[in-house]
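Chain by chain, the residues run as shown.
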Amino acid sequence: MKNIDPRRARWMKFRMGVLCGLLSTGLCSIVASAYNIQVKHGAEWRMIAERQRQKRLKVLPTRGSILDRNGEALAITIDVPSIAINAAELVRNVPEKQQPALQDAAAAKLATALNLPFPEVQAKLKSKRRFAWLKRRLSQDEITAVRAMIDPRKPDAVKGVMIEGEGHRFYPGREALWGLVGYVSGDGSGIDGVERAFDEDLRGRPDEISALRDRKGTVLFGDGLEDERALAGDDVHLTVDLGLQFQVQEDLEAGLRAFEAKSGSAIVIDPNTGEILAMASAPVYNPNDYGDAPIEARRNHAIADRVEPGSTMKIFTIAAALAEGKIKPTEEIYCENGSWTIGGVTIHDTHHEGMLAPASIISKSSNICAAKIGLLLGEQGLYSAFKRFGFGETTGLGLPGEAAGVLRARGRPWYEVEVASASFGQGISVTTLQLGMAMSAIANGGKLMEPRLVRTVTGATGQLVREELPTVRREVVPAFAARMVTEMMTGVVEEGGTGREAHIPGYRVAGKTATAQKADPATGKYDPDKFVASFVGFVPAQKPRFVIAVVVDEPWIAHLGGQVAAPIFRRIAMRALARFGVAPSGEVAKTAVTFPLEDPTPLVYAEAKAMAPDVDLTGPGGSVVAPMTAPSAFAPLPASSPSALPGAQRVIVPDLGGMGARDAAHALVSIGLLPVFDGTGSVTRQEPAPGTLLLQGSAVRVRLSPGS
Amino acid sequence: MNSAASSTGANGATGATGSLRKPSLRERAERLLSVAGPVDPILAAVVVTLVSFGIVMVYSASAIEATVQHKDAQYFLKRQVPFGFVGLGLAWLISRIDYRRYQKASATYGILAIVVVLLVAAIAGFGKTGGGATRWLALGPVHVQPAELAKLSIVIWLAYSLAKKGEDVMKSFALGFLPQLIMALFLMALCLKQPDFGSAVVLLLLTFTMMFIAGAKVGYIMGAAIIGSAAGAALVRFREYRWERIQAWLEMEAHRQDLAYQPFQARMSFGSGEIFGLGLGKGLQILYLPEAHTDFVSAVVGEELGFVGIALLCAAYVTLVVRGVRAAFKAPDDFGTYLAFGISTLFALQVLINLAMAMSLLPTKGLALPFMSYGGSSLLVNAIAAGILLNVSRHARDAEPVADPNATPDPPGVEISKDALA
Chain A
0 MKNIDPRRAR WMKFRMGVLC GLLSTGLCSI VASAYNIQVK HGAEWRMIAE RQRQKRLKVL
60 PTRGSILDRN GEALAITIDV PSIAINAAEL VRNVPEKQQP ALQDAAAAKL ATALNLPFPE
120 VQAKLKSKRR FAWLKRRLSQ DEITAVRAMI DPRKPDAVKG VMIEGEGHRF YPGREALWGL
180 VGYVSGDGSG IDGVERAFDE DLRGRPDEIS ALRDRKGTVL FGDGLEDERA LAGDDVHLTV
240 DLGLQFQVQE DLEAGLRAFE AKSGSAIVID PNTGEILAMA SAPVYNPNDY GDAPIEARRN
300 HAIADRVEPG STMKIFTIAA ALAEGKIKPT EEIYCENGSW TIGGVTIHDT HHEGMLAPAS
360 IISKSSNICA AKIGLLLGEQ GLYSAFKRFG FGETTGLGLP GEAAGVLRAR GRPWYEVEVA
420 SASFGQGISV TTLQLGMAMS AIANGGKLME PRLVRTVTGA TGQLVREELP TVRREVVPAF
480 AARMVTEMMT GVVEEGGTGR EAHIPGYRVA GKTATAQKAD PATGKYDPDK FVASFVGFVP
540 AQKPRFVIAV VVDEPWIAHL GGQVAAPIFR RIAMRALARF GVAPSGEVAK TAVTFPLEDP
600 TPLVYAEAKA MAPDVDLTGP GGSVVAPMTA PSAFAPLPAS SPSALPGAQR VIVPDLGGMG
660 ARDAAHALVS IGLLPVFDGT GSVTRQEPAP GTLLLQGSAV RVRLSPGS
Chain B
0 MNSAASSTGA NGATGATGSL RKPSLRERAE RLLSVAGPVD PILAAVVVTL VSFGIVMVYS
60 ASAIEATVQH KDAQYFLKRQ VPFGFVGLGL AWLISRIDYR RYQKASATYG ILAIVVVLLV
120 AAIAGFGKTG GGATRWLALG PVHVQPAELA KLSIVIWLAY SLAKKGEDVM KSFALGFLPQ
180 LIMALFLMAL CLKQPDFGSA VVLLLLTFTM MFIAGAKVGY IMGAAIIGSA AGAALVRFRE
240 YRWERIQAWL EMEAHRQDLA YQPFQARMSF GSGEIFGLGL GKGLQILYLP EAHTDFVSAV
300 VGEELGFVGI ALLCAAYVTL VVRGVRAAFK APDDFGTYLA FGISTLFALQ VLINLAMAMS
360 LLPTKGLALP FMSYGGSSLL VNAIAAGILL NVSRHARDAE PVADPNATPD PPGVEISKDA
420 LA
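Line by line, the protein sequences give chains A and B.
Just so you know, we're using numbering that gives the first Met the number 0 here: the first sequence kicks off at 0 and counts up by one.
Just so you know, we're using numbering that gives the first Met the number 0 here: the second sequence kicks off at 0 and counts up by one.
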């Protein structure tokens, strides 16, 4: 400003100073704002930013599959495409005036392609949100239409449309695997069954990701992240054989229906490795509602139910006594002719016997002799023997909800009478799985195995992550004792034994029936009408391949283990033998199998009829005689359930209250139901209740009492 | 220092001979590039620093977007580096051209005419659409943003026009106020048509600023500012989409997913940096912040270098503006003063508005951060402006000894004055 006169120069400097002052004010507010955002509230903003990143970083890796021992899928995750829109991206770089028209056009196209109402789509596009779902789980047609619409090569391609794969869990064969496989919650974590037990393996490793995702959710950098399999969960290969599982489930359900039982479970175990080949639980509900079903409905009865085992425990009592040398295999014990009082309690036997050797004690299932053997072992001896067989503790299966069972129900050592009753399986509770594992110890020569549900865990690319090897928990009894008991158990399914129904021609079967009365939890007394029928055994007896435990809770039509559980055992065993190709040992039974008429049930008839329709069923001696022309194991087995009767329909059970026996019988028979009477007089109680839907051919139990 | 003095002498000699015979091309080039004195080294250093730092930050801010969009993390870096070199070269070249050469009607109106043609061409549909507005004009490989050029051209034109008018003329409404306002409104209208609201505001503020220092009546300026504000408010209020933007800006939290997404993300970027920042290249908000490498590059600076980084960046711009104003103070004539002050204000306004928008003190309307933001046009135009400013600074010492003895003399000034005494 050399050439300017000083007064004007001062004026200009003043004016420039004023402007500089204004600019400084602006600068101050900027710096103050920066201080406010960065220093004063920096931590808060950083947290918001981190939360945003966390949200985006949380990649849900594809959940691993659950496969059976042959690689059949039991639970798989399939990416089902869903479609979302970035409404801001849609109109990016479009002059604001043209935006509404573009939005409307895009909304119309999307609404048509996705079969959505136009106003709904329009509202989402106008919202300018960066993420809004348009439709989840698209059909193939819809996805094709959308793909064509957003093809970037087309000039009128709709921008901002995102197709995302969302993993949905599918359970092929859910009915057969009720309770075993479990399910996953909406956020992808395992809730029940194997899904929960092996959640760690299945869920994948979202926290190992070092990748970053941008605002569109695209994975940016990361080590080897081109392959999403690096994050995916591992596949769990179960020991279960899906085919066998289906059959076991079917047989169990048929059995439950035939005997009108409340619930039941069946397990097939390979005794040499402890592998669970099948684990069925019934009843099952609608598998589509599995996740929504009440806890009670989802119950895996094979591991969660504690039941009184009854006579099967005699096997373990006698095995322990043999191992300890308390009894000799040939030593005969006096069975008190069916009634023995100890500690003020009288024990009864169904068969009134005098002297019995251990083999007969097992085959005749004498409670009195078992109690005497138990007392020989003593409280401590019997308790520790049961404990060693794995009762009173969880088996190590690892599935959620497994019960441990109770040996000393009162939390103190048993009194003498309790020792006696525990010897034949009363006053203690066990699970089906425990029975199966303990029986496996007998079958494999005395080793208690850990149940093995998982063979291997493999990564998504097929590499072996983990192999679960057979684990011996402990030596329970010496091999000789196990072998001896096995031999004794073969008598159970032979003529004169309680489990003849479990006989399989061509194979030697070792097993034990049990019929336990159920205690009413309210009174603590045994309910005369409620039983647990079970059969635990293995086949072939000389070289056991399958241990099968069948427990049926509250069968109504019949209640003996030999009647209810043994046939189910036989069917399952035949399926397993056929499926795994176990050759018969050549000892084909020539003897006729007799079906006792102690508690004749229409269903036993029905079954016998179906098996041998051309044979006169009323043979000499009041027994139903069927020559053992059992069908080949490969042929389809006739179902034992009434539902298999041709043309059976569902009918409503009439109210029989107050009717006489004749009227009641007429009322039931006329609509195709079978009356089972108890007592004399007029009807005071009926089961099932009036109004229940029953399949024709089902039995209705009617109690009659003399009129008041 | 001596060489500088001798070159001045040589310059004078060639000038003398040039008047006698027709100068050769080489002589004309030499004369064109002859300089009056050394540039302000601090000013030059700040410009070089800002351009270099800008390239670093553009790379840091754009690497991910470049990878996603172009499969090349250096995509934007590779384009910004040449512009940086060309810009600095241009600044050096222009700093050697005597600013008084622009003080001609032909030069200033010529530039204005080019700018108007470019603006009209951009609006008329030859432009490239980017960021929701037609701002770009493809001239071969170079994308020109005429609005950037418009800001510099109006500064030059105003400096010329205002210097031509005396103080008395400036007091009159018809001559000292109206013509400048009309020119500014004309350019603004062209900018708004694109639409480029930010540039239009900068144009208006520049015009007011320069008229104010040239001595226009404060009343006129205030009146025009009030009318302008009212018109702007009406423009915003009665256009639904603009009003929505304002509401979103006022209630950022509620609109963080839609209209206020960008400013909200920018705040998160600034805040994440806290005091010292996450470290260069370690910012993560670039994943979410749109336009991180262009208009919001300061947010990336805030995240990666923290409050300290922002404070240093502000300090650099303050230095730039202060040295520019100093050049204006010391310029030998009105034109130089207006030019230097206008350019300094141009820098200051763009920086302030950009930072204020990035920190959501103002609603978001695209405006580049001088020297820092990605984009050739902005960088080149600002480099040219810096070149002119540097040239004005070369003439500073001419004014120094006599006119203002109170001013703090800087080292070269002191030496020169010794020379003068000797």
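Because the hints were derived from the structure by calculation, they are not lab data.
Hints are not guaranteed to be accurate.
To be verified - Label-pair restraints from in silico Cβ distances:
no. : chain 1 : residue 1 : chain 2 : residue 2 : range
1   : B       : Tyr-240   : A       : Asn-35    : 15 to 21 Å
2   : B       : Pro-40    : A       : Lys-96    : 46 to 52 Å
3   : A       : Thr-691   : B       : Asp-257   : 45 to 51 Å
4   : B       : Asp-71    : A       : Leu-468   : 29 to 35 Å
5   : B       : Val-67    : A       : Pro-94    : 38 to 44 Å
6   : A       : Ala-131   : B       : Lys-216   : 25 to 31 Å
7   : A       : Glu-466   : B       : Phe-275   : 32 to 38 Å
Unchecked claim - EDC-like mimics (lysine to aspartate or glutamate), calculated; alpha carbons at most 16 Å apart, straight line:
no. : chain 1 : residue 1 : chain 2 : residue 2
8   : B       : Lys-164   : B       : Glu-26
9   : A       : Lys-12    : B       : Asp-332
10  : A       : Lys-125   : B       : Glu-239
11  : B       : Lys-281   : A       : Asp-526
12  : A       : Lys-125   : B       : Asp-332
Every residue, glycine too, gets a C-beta built ideally from N, C-alpha and C.
Structure-based check of each hint:
1. Tyr-240(B) - Asn-35(A): 15 to 21 Å: violated, 30 Å
2. Pro-40(B) - Lys-96(A): 46 to 52 Å: holds, 50 Å
3. Thr-691(A) - Asp-257(B): 45 to 51 Å: Taking Cβ atoms as reference, Thr-691(A) and Asp-257(B) lie about 59 Å apart, which means the hint is violated.
4. Asp-71(B) - Leu-468(A): 29 to 35 Å: violated, 51 Å
5. Val-67(B) - Pro-94(A): 38 to 44 Å: violated, 25 Å
6. Ala-131(A) - Lys-216(B): 25 to 31 Å: violated, 55 Å
7. Glu-466(A) - Phe-275(B): 32 to 38 Å: Hint violated: Cβ distance 51 Å, outside 32 to 38 Å.
8. Lys-164(B) - Glu-26(B): violated, 34 Å
9. Lys-12(A) - Asp-332(B): holds, 13 Å
10. Lys-125(A) - Glu-239(B): holds, 14 Å
11. Lys-281(B) - Asp-526(A): Distance ~74 Å between Lys-281(B) and Asp-526(A) Cα, so the pair is violated.
12. Lys-125(A) - Asp-332(B): violated, 57 Å
In summary, the structure is inconsistent with hints 1, 3, 4, 5, 6, 7, 8, 11 and 12 from the numbered list given earlier, while agreeing with the others.
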